[in-house]
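> If you want the building blocks of each chain, they are given just below.
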Amino acid sequence: MTARTAQLKKNNHVRRSFGDQVINVVTYIVYAIFAFVCVYPFYYLVINSISANNLSERGKVLFYPMEIHFKNYENLGQIPGLTDAALMSVYRTVAGTLLTVIVAAFLGYMFTRNTLWKRKLWYRFVVITMYFNAGIIPWYLAMKTLGMTNNFLGYILPTCIQPFYIILCKTFCESIPPALQDAAEIDGAGTLRIFFSIMLPVIKPILATIAIFAAVNQWNAFQDTLLLMRDKKLHTLQFVLYQYITQASSLKSVISSSSTSSSIAAALATSATATSIRMTVTVVVVFPVMMIYPFFQRFFTKGIMIGAVKG
Amino acid sequence: MEKPNRRINYKKRRSYQEFLYILPFLILVALFSYFPLYGWRYAFHDYRPPLPITSENYVGFKWFNYIISNPTRVKDILRVLRNTFAMSGISLLFSWFPMIFAVFLNEIRCKPYRKFVQTVTTLPNFISWVLVFSVAFNLFGSFGAVNSILQELGWISKPISFLKSSENVWFRMWLWLTWKNAGWAAIIYLASITGIDEQMMEAAKVDGATRMQIIWNITIPSILPTFFVMVMMNIASFLNNGMEQYYVFQNAFNQDAIEVLDLYVYNIATSGTGNYPLSTAISMLKSVVSVVLLCGANGISKLIRGETFV
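Line by line, the protein sequences are chains W and D.
Each residue of the first sequence is one higher than the last, beginning at 78 in the numbering used here.
Each residue of the second sequence is one higher than the last, beginning at 798 in the numbering used here.
Isolated chain W, as found in the complex (with noise of 0.2 Å):
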């Protein structure tokens, strides 16, 4: 920084006019409102889980968690279906997004060889399917004829090649000097040599951000179990509390079995109720979220940066 800037800075920071200070307040509370707003949500669903359910249900815990305990995370074990809806959403964010990264990776490196043939007309094949859509219905059926209804399949095929995960990809492998690649071609390396043991490492850093984006988007995803899975063993957490908000009848079973403490005091801090389950679950499906996204914030924003730029 030479002095002349450094002068500036100070200068800056002496000479705020009245009405730069003005802006500088309200933009201060303004972010904070918002923040709030983004914030609240959250912390109110984690206070209210923790707290005495006959409270929360009549929306009394809003600032902090009143009459601690722990009884409803230790009652989810006892929600019939509840546990294989998680496994089944760990199954398929884990299996989705394997499969996606390493299709991405494969794809991206191969669309970047010349050898390849017809190598621009592949690529377009791939990538133009981003831009249409055949429409719910007649998508339903084709995956009906492909027997991807009520099968763990139907999760993780239709949504394993995404033409813009393969264009991050390919514009990864293209950033890399040629000269690596043609090394390994002299010592004999083929195609899928050069793609396992040069290529794969080298572009980790983008595959990273891939992996990051699909395991989310696994996770979320709700629309497709909708669509294809009625079968209940396949249903995953996010479908599962949908029906645990939008159908009373889904909670009441497990309701009316929980209470069965001694004290009715203790009974109605701490048994079961709609609410207390609501909340329970969705802290527990936004919980993963919450974890990974502040650590993997750079690659997020990596993603987004890279993808504005065109493929």
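The reader is advised that the hints may include incorrect statements.
Stated by the list, open to error - List of simulated lysine-lysine pairs, BS3-like, C-alpha gap at most 25 Å:
hint	chain 1	residue 1	chain 2	residue 2
1	W	Lys195	D	Lys1002
2	W	Lys197	D	Lys1083
3	D	Lys808	W	Lys195
4	D	Lys1099	W	Lys197
5	W	Lys197	D	Lys809
6	D	Lys955	W	Lys137
7	W	Lys310	W	Lys221
8	D	Lys872	D	Lys961
9	D	Lys1083	D	Lys872
10	D	Lys961	W	Lys137
11	W	Lys137	W	Lys148
12	W	Lys221	D	Lys1083
13	D	Lys872	D	Lys859
14	W	Lys309	W	Lys221
15	D	Lys908	D	Lys1002
16	D	Lys859	D	Lys1083
What the hints contain is simulated information worked out from the structure, not anything from laboratory work.
Dock chain D against the given chain W, drawing on the hints supplied.
Coordinates of chain D only, in the frame set by chain W:
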């Protein structure tokens, strides 16, 4: 086919071999993205789910005519189009919001505070619509935080059922959409603000420009191209609101105002007897219009900026 010529053949063989490697994936694309298009033929048949479509139940453009000739359908379609236009219109009208959000966020000098605001406002983008709905349900339900506070303050005597009313549904849906997306959409503007030449800013400061003047004359003009691209993308997806948000928020009270095209094609196929052909016909028309909009927006972009975004 060809005469054996080793050197050329080696290259050829390799290029075919590489094609074979990607062939399985191309087949997947064909099956999952192109094959559904073949389902458009359902729009030309009197199709009832268990029965196959045959040449006997071929009805030509019956369903397309039905959209414009059946009075109740016409009313429905107009209502749904009105909702779609209203919601996309509001989004388009307020598409400057993320930009302004980014501009003023960038004015915050305290870096930890800025980072904190940025992190927490982008977070809602990564939760699903089901979770957003759950948040809404718990906060705005009869015994939720909002009603509690309002009652405590004595502003209302009875809880308001926010979610079970059709009042301002369009605007409220926009608010939820903004709550979820604005922070995320701002990131792209924040990045283009970082790209602005520092010297320009300094020169302005030396000349005694106030912060508002710098924002108005330097920052905003510098990020207008990004804004323009975003607006064009908004226009291109004018009809594609997606159905998830509206699906989770819909109920008997607000359905008339909340049903957008994407939700409508789902609802007519799944409710009652389930009219698959009609739903398909409407999706078809929607897809065609969407492609036209995309090309149009892209064309405008090329005309004005000399650059396409597709």
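> Each of the hints needs a verdict: does it hold here or not?
Results for each hint:
| no. | hint | in the structure |
| --- | --- | --- |
| 1 | W:Lys195 x D:Lys1002 | violated, 55 Å |
| 2 | W:Lys197 x D:Lys1083 | violated, 29 Å |
| 3 | D:Lys808 x W:Lys195 | holds, 13 Å |
| 4 | D:Lys1099 x W:Lys197 | holds, 23 Å |
| 5 | W:Lys197 x D:Lys809 | holds, 16 Å |
| 6 | D:Lys955 x W:Lys137 | holds, 15 Å |
| 7 | W:Lys310 x W:Lys221 | holds, 18 Å |
| 8 | D:Lys872 x D:Lys961 | holds, 23 Å |
| 9 | D:Lys1083 x D:Lys872 | holds, 17 Å |
| 10 | D:Lys961 x W:Lys137 | holds, 22 Å |
| 11 | W:Lys137 x W:Lys148 | holds, 18 Å |
| 12 | W:Lys221 x D:Lys1083 | holds, 23 Å |
| 13 | D:Lys872 x D:Lys859 | holds, 18 Å |
| 14 | W:Lys309 x W:Lys221 | holds, 17 Å |
| 15 | D:Lys908 x D:Lys1002 | holds, 21 Å |
| 16 | D:Lys859 x D:Lys1083 | holds, 17 Å |
The structure fails hints 1, 2 (numbered hints given earlier, in ascending order).
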